[in-house]
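Hey, can you work out the whole structure from these sequences and the hints?
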Amino acid sequence: MRGMENCQAGWGLGRGDARRYWLVRERQRLNHWGPFGFAQGRLRGAQGKAWRLRACHLVLLVVASSVTFATREVRAENLSTAPPTRVVVLGTGNPSADPDRWGPAAAVVVNDRAYLIDCGSGVVRRAAAAEKNGMAALKAKELKIVFITHLHSDHTLGYPDLIFSPWVLGRKEALEAYGPHGLKNMTSHIEKAWTEDVRIRRRGLEQANATGYKVNVHEIQPGVVYRDENVTVTAFPVRHGIWKEAYGYKFETRDRKIVISGDTAPTDEVVKACDGCDVLLHEVFNPHGDELKDPHWKEYFATFHTSPAELGEIARRARPKLLVVYHQVLEKLPEADLVEQIRKEYSGNWVSAKDLGVY
Numbered sequence: 008m009r010g011m012e013n014c015q016a017g018w019g020l021g022r023g024d025a026r027r028y029w030l031v032r033e034r035q036r037l038n039h040w041g042p043f044g045f046a047q048g049r050l051r052g053a054q055g056k057a058w059r060l061r062a063c064h065l066v067l068l069v070v071a072s073s074v075t076f077a078t079r080e081v082r083a084e085n086l087s088t089a090p091p092t093r094v095v096v097l098g099t100g101n102p103s104a105d106p107d108r109w110g111p112a113a114a115v116v117v118n119d120r121a122y123l124i125d126c127g128s129g130v131v132r133r134a135a136a137a138e139k140n141g142m143a144a145l146k147a148k149e150l151k152i153v154f155i156t157h158l159h160s161d162h163t164l165g166y167p168d169l170i171f172s173p174w175v176l177g178r179k180e181a182l183e184a185y186g187p188h189g190l191k192n193m194t195s196h197i198e199k200a201w202t203e204d205v206r207i208r209r210r211g212l213e214q215a216n217a218t219g220y221k222v223n224v225h226e227i228q229p230g231v232v233y234r235d236e237n238v239t240v241t242a243f244p245v246r247h248g249i250w251k252e253a254y255g256y257k258f259e260t261r262d263r264k265i266v267i268s269g270d271t272a273p274t275d276e277v278v279k280a281c282d283g284c285d286v287l288l289h290e291v292f293n294p295h296g297d298e299l300k301d302p303h304w305k306e307y308f309a310t311f312h313t314s315p316a317e318l319g320e321i322a323r324r325a326r327p328k329l330l331v332v333y334h335q336v337l338e339k340l341p342e343a344d345l346v347e348q349i350r351k352e353y354s355g356n357w358v359s360a361k362d363l364g365v366y
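For the sequence shown, my numbering gives the first residue as 8, with consecutive numbering after it.
These are computed hints drawn from the structure, not numbers from a lab.
Where a beta carbon is used, it is the ideal one built from N, C-alpha and C, also for glycine.
Among the clues, some could well be false.
[To be verified] Now the in silico label distances, taken between C-beta atoms and shown as ranges:
hint, residue 1, residue 2, range
1, ASN216, LYS351, 50 to 58 Å
2, SER160, GLU320, 27 to 35 Å
3, GLU213, PRO244, 37 to 45 Å
4, PRO229, VAL358, 25 to 33 Å
5, PRO244, TRP304, 20 to 28 Å
6, LYS351, LYS191, 40 to 48 Å
7, PRO229, HIS196, 25 to 33 Å
8, ILE249, GLN228, 13 to 21 Å
9, ALA217, GLU298, 27 to 35 Å
10, VAL231, ALA200, 31 to 39 Å
11, GLU213, ASP297, 49 to 57 Å
12, HIS295, PRO106, 21 to 29 Å
[What the hints assert, rightly or not] In silico EDC-like pairs for lysine to aspartate or glutamate, Cα to Cα no more than 20 Å straight-line:
hint, residue 1, residue 2
13, LYS251, ASP275
14, LYS300, GLU317
15, LYS339, ASP301
16, LYS305, ASP344
17, LYS305, GLU317
18, LYS179, GLU213
19, LYS351, GLU317
20, LYS151, GLU180
21, LYS339, ASP297
22, LYS199, ASP168
23, LYS328, GLU252
24, LYS351, GLU320
25, LYS148, GLU138
26, LYS361, GLU203
27, LYS146, GLU180
28, LYS191, GLU252
29, LYS151, GLU226
30, LYS305, GLU338
31, LYS199, GLU183
32, LYS139, ASP107
33, LYS148, ASP119
34, LYS361, GLU338
35, LYS361, ASP161
36, LYS221, ASP168
37, LYS279, GLU317
38, LYS221, GLU203
39, LYS264, ASP282
40, LYS146, GLU183
Listed below in structure tokens is the structure:
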């Protein structure tokens, strides 16, 4: 064990590292060849000790260099292979008051610009949390555009937050909001409700700017609804109960195609929009919940939402590279129960999203 003691004492190795090094050196000694091709068995005394120390030093330098190089290589690979377009699920929730799942919202981030989809409760704070995790595009004052799938309250409770909070935090541009007919009326009422707040902030000591709280509303119909140098956004109709208008969105960038279903019962529109897309975000509900034993609620969920069996069929036909399940209606059951049902129905790549997940 003298060789191990030399390395441990002379080069500051822990006992585990020193033992691993000693075992390698012993193997070399038994083979009669050292690291430089000398007959190790012929080196004796001080000369042998000196060679062992030199070998120890050289091996450590090589190992350290290899570790450093490997680390840099992995990091570079991560950066170079990570797509410029990301999907950030800001909130996976629904009307249930689940403290671990904030209101439904997502963002497509490309070239340091964020395109929001829906604005459930807490959307600005969820965006701030994503910024803290490294998504600089989701800084509050950079939240400048949103695509709303439908006007259900759980998808729009964060709309006033999205209008006013980024303004208070420095946004100068008006918010661009795209969504179904009725969005202009909703926006008008919100602006009226906060009239006094705007007056105080603009004319009081805050001296807030005169533009960042305004909203340019675009009420849409199916087809291409937005295009810039980063992305083309196409809206397609989905089936969400008795809503006259509910939309999913397809985002096409130079490197990815991303489809968000919004809230929907099964529809071929999702299949057509995805058609082998890179990421499909799709909602789902758990049919095992006690509530669904009631015929009324069974009919409701069948009309408004998608079951695991139906989701599996959609995913098989749509062929996404990655299926991301969000807006999970768990029906007071563990998430594992829903996950197991989906696993039985779909064998492709998929994940049950968590808040702030990036895909």
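Structure-based check of all given hints:
| no. | hint | result |
| --- | --- | --- |
| 1 | ASN216 with LYS351: 50 to 58 Å | holds, 54 Å |
| 2 | SER160 with GLU320: 27 to 35 Å | holds, 29 Å |
| 3 | GLU213 with PRO244: 37 to 45 Å | holds, 43 Å |
| 4 | PRO229 with VAL358: 25 to 33 Å | holds, 29 Å |
| 5 | PRO244 with TRP304: 20 to 28 Å | holds, 25 Å |
| 6 | LYS351 with LYS191: 40 to 48 Å | holds, 44 Å |
| 7 | PRO229 with HIS196: 25 to 33 Å | holds, 26 Å |
| 8 | ILE249 with GLN228: 13 to 21 Å | holds, 19 Å |
| 9 | ALA217 with GLU298: 27 to 35 Å | violated, 48 Å |
| 10 | VAL231 with ALA200: 31 to 39 Å | holds, 33 Å |
| 11 | GLU213 with ASP297: 49 to 57 Å | holds, 50 Å |
| 12 | HIS295 with PRO106: 21 to 29 Å | holds, 22 Å |
| 13 | LYS251 with ASP275 | holds, 18 Å |
| 14 | LYS300 with GLU317 | holds, 19 Å |
| 15 | LYS339 with ASP301 | holds, 15 Å |
| 16 | LYS305 with ASP344 | holds, 18 Å |
| 17 | LYS305 with GLU317 | holds, 15 Å |
| 18 | LYS179 with GLU213 | holds, 14 Å |
| 19 | LYS351 with GLU317 | holds, 12 Å |
| 20 | LYS151 with GLU180 | holds, 7 Å |
| 21 | LYS339 with ASP297 | holds, 9 Å |
| 22 | LYS199 with ASP168 | holds, 14 Å |
| 23 | LYS328 with GLU252 | violated, 28 Å |
| 24 | LYS351 with GLU320 | holds, 11 Å |
| 25 | LYS148 with GLU138 | holds, 11 Å |
| 26 | LYS361 with GLU203 | violated, 37 Å |
| 27 | LYS146 with GLU180 | holds, 14 Å |
| 28 | LYS191 with GLU252 | holds, 14 Å |
| 29 | LYS151 with GLU226 | holds, 17 Å |
| 30 | LYS305 with GLU338 | holds, 12 Å |
| 31 | LYS199 with GLU183 | holds, 18 Å |
| 32 | LYS139 with ASP107 | holds, 18 Å |
| 33 | LYS148 with ASP119 | holds, 13 Å |
| 34 | LYS361 with GLU338 | holds, 17 Å |
| 35 | LYS361 with ASP161 | holds, 17 Å |
| 36 | LYS221 with ASP168 | holds, 13 Å |
| 37 | LYS279 with GLU317 | holds, 16 Å |
| 38 | LYS221 with GLU203 | holds, 14 Å |
| 39 | LYS264 with ASP282 | holds, 10 Å |
| 40 | LYS146 with GLU183 | holds, 16 Å |
Hint compliance for this structure: hints 9, 23, 26 are not met, and every other hint is.
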